[in-house]
Structure formats: structure tokens, C-alpha cells
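J.: Fit chain U to the given chain Y structure using the hints.
Protein chains: 2
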Amino acid sequence: MKIGIDMMGGDFAPAEAVKGIQQFLETASSNTELVLIGDEARIRPLLDGALKDSTRLSIVHAPETIDMHEHPTKALKNKPNSSINLGFRLLAQENIQAFISAGNTGAMMVGALYSIKTIEGIQRPTISTTVPRQNGTTGILLDVGINSDCKPENLLQFAILGSLYAKNILHISNPRVALLNIGEEEGKGNLLVQAAYPILRDSPKINFIGNIEGRDIFGEKADVIVCEGFTGNVVLKLAESFYDIAVTRNIQDDFLLKNFNFESYGGTPVLGIAEPVIIGHGISKAPAFKNMISLAELMLESRLLDKIKENFNS
Amino acid sequence: MKIGIDMMGGDFAPAEAVKGIQQFLETASSNTELVLIGDEARIRPLLDGALKDSTRLSIVHAPETIDMHEHPTKALKNKPNSSINLGFRLLAQENIQAFISAGNTGAMMVGALYSIKTIEGIQRPTISTTVPRQNGTTGILLDVGINSDCKPENLLQFAILGSLYAKNILHISNPRVALLNIGEEEGKGNLLVQAAYPILRDSPKINFIGNIEGRDIFGEKADVIVCEGFTGNVVLKLAESFYDIAVTRNIQDDFLLKNFNFESYGGTPVLGIAEPVIIGHGISKAPAFKNMISLAELMLESRLLDKIKENFNS
Numbered sequence: 000m001k002i003g004i005d006m007m008g009g010d011f012a013p014a015e016a017v018k019g020i021q022q023f024l025e026t027a028s029s030n031t032e033l034v035l036i037g038d039e040a041r042i043r044p045l046l047d048g049a050l051k052d053s054t055r056l057s058i059v060h061a062p063e064t065i066d067m068h069e070h071p072t073k074a075l076k077n078k079p080n081s082s083i084n085l086g087f088r089l090l091a092q093e094n095i096q097a098f099i100s101a102g103n104t105g106a107m108m109v110g111a112l113y114s115i116k117t118i119e120g121i122q123r124p125t126i127s128t129t130v131p132r133q134n135g136t137t138g139i140l141l142d143v144g145i146n147s148d149c150k151p152e153n154l155l156q157f158a159i160l161g162s163l164y165a166k167n168i169l170h171i172s173n174p175r176v177a178l179l180n181i182g183e184e185e186g187k188g189n190l191l192v193q194a195a196y197p198i199l200r201d202s203p204k205i206n207f208i209g210n211i212e213g214r215d216i217f218g219e220k221a222d223v224i225v226c227e228g229f230t231g232n233v234v235l236k237l238a239e240s241f242y243d244i245a246v247t248r249n250i251q252d253d254f255l256l257k258n259f260n261f262e263s264y265g266g267t268p269v270l271g272i273a274e275p276v277i278i279g280h281g282i283s284k285a286p287a288f289k290n291m292i293s294l295a296e297l298m299l300e301s302r303l304l305d306k307i308k309e310n311f312n313s
Numbered sequence: 000m001k002i003g004i005d006m007m008g009g010d011f012a013p014a015e016a017v018k019g020i021q022q023f024l025e026t027a028s029s030n031t032e033l034v035l036i037g038d039e040a041r042i043r044p045l046l047d048g049a050l051k052d053s054t055r056l057s058i059v060h061a062p063e064t065i066d067m068h069e070h071p072t073k074a075l076k077n078k079p080n081s082s083i084n085l086g087f088r089l090l091a092q093e094n095i096q097a098f099i100s101a102g103n104t105g106a107m108m109v110g111a112l113y114s115i116k117t118i119e120g121i122q123r124p125t126i127s128t129t130v131p132r133q134n135g136t137t138g139i140l141l142d143v144g145i146n147s148d149c150k151p152e153n154l155l156q157f158a159i160l161g162s163l164y165a166k167n168i169l170h171i172s173n174p175r176v177a178l179l180n181i182g183e184e185e186g187k188g189n190l191l192v193q194a195a196y197p198i199l200r201d202s203p204k205i206n207f208i209g210n211i212e213g214r215d216i217f218g219e220k221a222d223v224i225v226c227e228g229f230t231g232n233v234v235l236k237l238a239e240s241f242y243d244i245a246v247t248r249n250i251q252d253d254f255l256l257k258n259f260n261f262e263s264y265g266g267t268p269v270l271g272i273a274e275p276v277i278i279g280h281g282i283s284k285a286p287a288f289k290n291m292i293s294l295a296e297l298m299l300e301s302r303l304l305d306k307i308k309e310n311f312n313s
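Quick mapping for you: the protein sequence lines, in order, are chains Y and U.
Going by numbering that gives the first Met the number 0, the first residue of the first sequence is number 0, and it counts up by one from there.
Going by numbering that gives the first Met the number 0, the first residue of the second sequence is number 0, and it counts up by one from there.
Looking at chain Y on its own, in the form it has when it is part of the complex:
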């Protein structure tokens, strides 16, 4: 099993990626091999200092790098030998089984959507965020930004994808799915959620529990929270800002400091495409890289994508 890592993506590349790889190799018991994609001249010296045993590592030299603020499609076209392009090429050719990057999010999305196929039956791939709860468990909120205008059917698909993720990755046996809304009763909300409610309620593929409100997101009512990507993105970034407020104000609270540090979760898989692709935050540091590698491993070990394919083609 080989996982490809874009070594040039993110604000602290490649040093933090190397540290994350080191942490992963020190703690993980698997035999997963890591393929480091990036500027070999910059990666090699960092590896030599940090890693004694490099038998599970290989480097694929990428002479070009897509910067964080480049236009996604232009950059992908103009830099065919960038680490992101090479990563998707390796993934498409099955030389790696998963691809991780904390680089240009737009380029990662475009690459995922066009280099790797969407799973048959899925209208719109989606990205999600982990939702911490005070009882120590985590849920999932999706979509958080790539589908800012949705149809009701899209929300059902997000609910199914989120449920499969919650079962296989978060180990929740019968995940409760809720629709994010501005009231609890059926009939509340905007036209989208009014139309989505009966579709979610009537689907045999999910355990739909009804609407929840903004105040319930970090509560324990639901395991999978579904919304269009506009609201989801605002919620995610607002929640991230609460972590920043906690740090700025020196609030000593484990729940806020640990569980609301979204950066530590690593990254989000692009659910709905045919291979595991994980996109990290630009500010990813070593623990985020380590967690993204572990997540890619778990996605492969749990056969999450096969289960998604089966679900959408049955």
C-alpha cells in the first residue's frame, strides 16, 4: 500500500511534512509505504537528518511547485511537473493508492475532479469537517465549501457519504443523520431544506433524525450533519475562530484548545471521487500531516471507497 504526499504543499513545506512523516513512521505499526512528491534537492537533506530508516520511503522528484495563491486550472495546465500534477498522475496510474496535499486547495479540487473520476451515481463530490463534541466523540459536518449551491438530492448524497464515513472511519455503528436548519419542525427553513427534508426522511440508506439547529452542531444529537457548502463553510470557519479566540485570550480549556484545534484533525477527504484524496489546511504542521497519512491508511484499510461504490450502484 503506497500513499503519496505532496511535500511542497502548505505554508510550512516541506519541513513540517517531513516531521509528520517521521511521527507517522515512529508510531504506525503498518507496512504502508510513503511516496514523497516534491523538490528532491529540498526534501533529501531534511530526510537524511530526520529519518534513519527510510526503507518505507521513496521520492518522486517534482521540479515545479504550484503556489498557494495561483489560479487552480491555469497552474495545473502551466506546471505539468508540479507535485500536485505528479501526485494525481501517480494516483490515476495506480502507482500510489492515495494522495495527500496541504497545498493549493483549488488545484487539489480541480485535480481530484478531473484527474480522478467521480464514483458512478454521485452527482457532486463533497468535503467535510470533523465535529468535536463535549463527550469526547466526533461527528462529521458536510458539505463545508465546494458545493455552495445545492439541490435537495445533493444533500441526500452528502448524508449517505457522511454516514459511510462515520461508520467506517469514526466507527459509529448506526450514525444519526440530521439536516442543519433554523427550526426543528419539518417545514422550517429555506426552500432547499424544506425540499430536502422528505427526501432524507424517506431514504432507507440513512438513519435520519430530523432537523437540528446551529446550537446543536457541537452537541450530541447527531453524528452526521448535512448542509449546503455555503452555510457549512461559514460554520467551519466560525468554529475555527473560536479556537483562535481561546488561544488569544489564554483560555485554559481542554475542549476548546484540543478539540477545536481543527488544524490537528489533518485534512478532509474529497468524498465521492474514486480514489482517496485528502486535502489539508495550508497551515498544516507535523501532527496534521501525520493524521492525514493515518486517515488515508484507514480509508484504504476500511475499504471505504469500495463501500461507497457498492452503495451508489445498488
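It is possible that some hints are incorrect.
Identical copies carry no separate label here, and so any pair may be met within one copy or between two of them.
Said to hold, decoys possible - Below, a list of computed lysine to any residue pairs in the SDA-like style, where the Cα atoms sit at most 20 Å apart:
1. K236 <-> E185
2. K73 <-> E184
3. K78 <-> I115
4. K116 <-> D305
5. K150 <-> A194
6. K150 <-> Q193
7. K220 <-> R248
8. K116 <-> R302
9. K257 <-> I244
10. K220 <-> T136
11. K1 <-> Q22
12. K1 <-> S28
13. K257 <-> T247
14. K257 <-> T136
15. K257 <-> Y242
16. K236 <-> G186
17. K76 <-> H60
18. K220 <-> I244
Derived from the structure by calculation, the hints contain no laboratory data.
T.: Showing chain U alone in chain Y's frame:
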């Protein structure tokens, strides 16, 4: 100047309303008279115990009460002598100059929209929330729930209403207006905000500074934050839940405990209708009632509604 107060609205009526009135009378230096609308047999004993000087108070007996969970339009129709119905009647007849209630929100909205006219030129009245910032100032976010599907022109009107509120009530001389979005650049976001951006940018009536993201809501970039009511309501309730988390976890932080206690802000005016109507949270206690009375007074003293009328008819 007479301000009408629904004494029967909210979970702690009428006791907390009486306490709030007491606090207002003790601290406010104005000559504002308060008209207490509700069940006289329940109000009178509370007043006799609490208030020595009752020259600035009068009671209008309302033999009926609309409960918190009644269907708004049915309740308004079936209970013509409810405190909410009487309040709007007094307001429409100019026997009071403002009306406050922490009662059934739906009934208050329906009453505001149908008993009191919308100001000419305003398509959709709006409700808002105060936004606390770490530097001690406050901003305003609107709409927070009554307009869950909007057109771009609605967002411009919210921006103008919010700006006038920020100027006259929050005393911000040239309020910076931002569009809540999922990216900073023009062109980001869903179809609504993409279409709203140029309309806001080109309006001479507001000081538009562009898009802000979820992480900026409780920052200091903007004074007036505009969005449709679905996202705004989710944001408001999510922010309220952070106060609950702070209390539950015994986080000793003034900013979270004081400024995020949204209940203490009192209520929201229904901006865009022709008379001051303020709707409070069902859990309103004395400080909320006091603050709602002060807000009504400030709305009258500042001639906010005249300024809104001038703005929309020029």
C-alpha cells in the same frame, strides 16, 4: 413618550418583566412612560411590592395570553384580547410609540408585519443580532432568521438598514458593511452573494468593504455583516451555544461569559417596519427587559425610523 411592554411574554413572565422595569426606572434619567400590557391581576401585586413610584407606569389589562408554542396566525385571530394583539393595537393607534415583547416570536413577527406597515420602499423587514468583538465594540449581523430565501436586492436593503442602525444606535460614524461569504475575493460564494456583491459595491448608501468569512464575524473587520436569514440564524445559534459551552465548562473568561451572553442584549428590533417593535428571546430575564426598554427609547430619541424612511424615499 410611551413604550408598551408585553408583560405575559417569555418563560419568566411577568415577574422578570417587572424586575426589568424596576431596573430601568432606577437607572434611566428619561421621562419615558411605560405601558404594561397583560393580566392585571397578576401584574398589580408584583408592582405593589417592587415599585414605590409608579407615576410613570400604567397598566392595560389583557385578559388573554398567546403561549410560546401556539400557531402565530391562529393565535392572533383567536385571541383578539391577548397582550400581543393589544400591544399592536395600541401601537397602530399611536397610544404607545414602541412595543416590546419576549413572547411568541412568530406572533410578534406576524403582528409587526400586518398590524404595522412596512416602510415604503422596503421589500422585506429584517431582524438582527448584536455581534460582540474582543475590543469591546459591537457590530450587527443581519438577517438572522426571518428571510431564509433572499434576492440580492434584499441583502442591499439589509445593509442599508444595518448601517442606519449602526450609526444611530451603536454610534459608529461610518459603519463598514461586509457581505458574509466563503472567500474574500469578488466572485466567491453561492449565486446569491455573487449577484449581491456588485449591488452592494455600487450602492452610494453604504460603506461596502467587500466579503468577510466565518472566521471574521467576531473580529473587527466589519461593523455591519449582511447575509440571508438561513446562514445568519445558524451563526447566531451556534454563537449562542459557545456561551453555553463556556458556562457548562466553567470557563472563566469575561469576553465569552459577558459578551457572548446574547440574552443580555435584550432583543432585536424588526427593522423595516414603520414603528419600533422589539422582539426578545423567550428566556429573557430582567436585564434583557431593561435593555429592550432602553433600546426602544434610543430608537425613538435617535429618530432611527424617520431616518430609515428618509433614506428609502430619497
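J.: Which numbered conditions among the earlier hints are violated in the structure presented, ordered from lowest to highest?
T.: none
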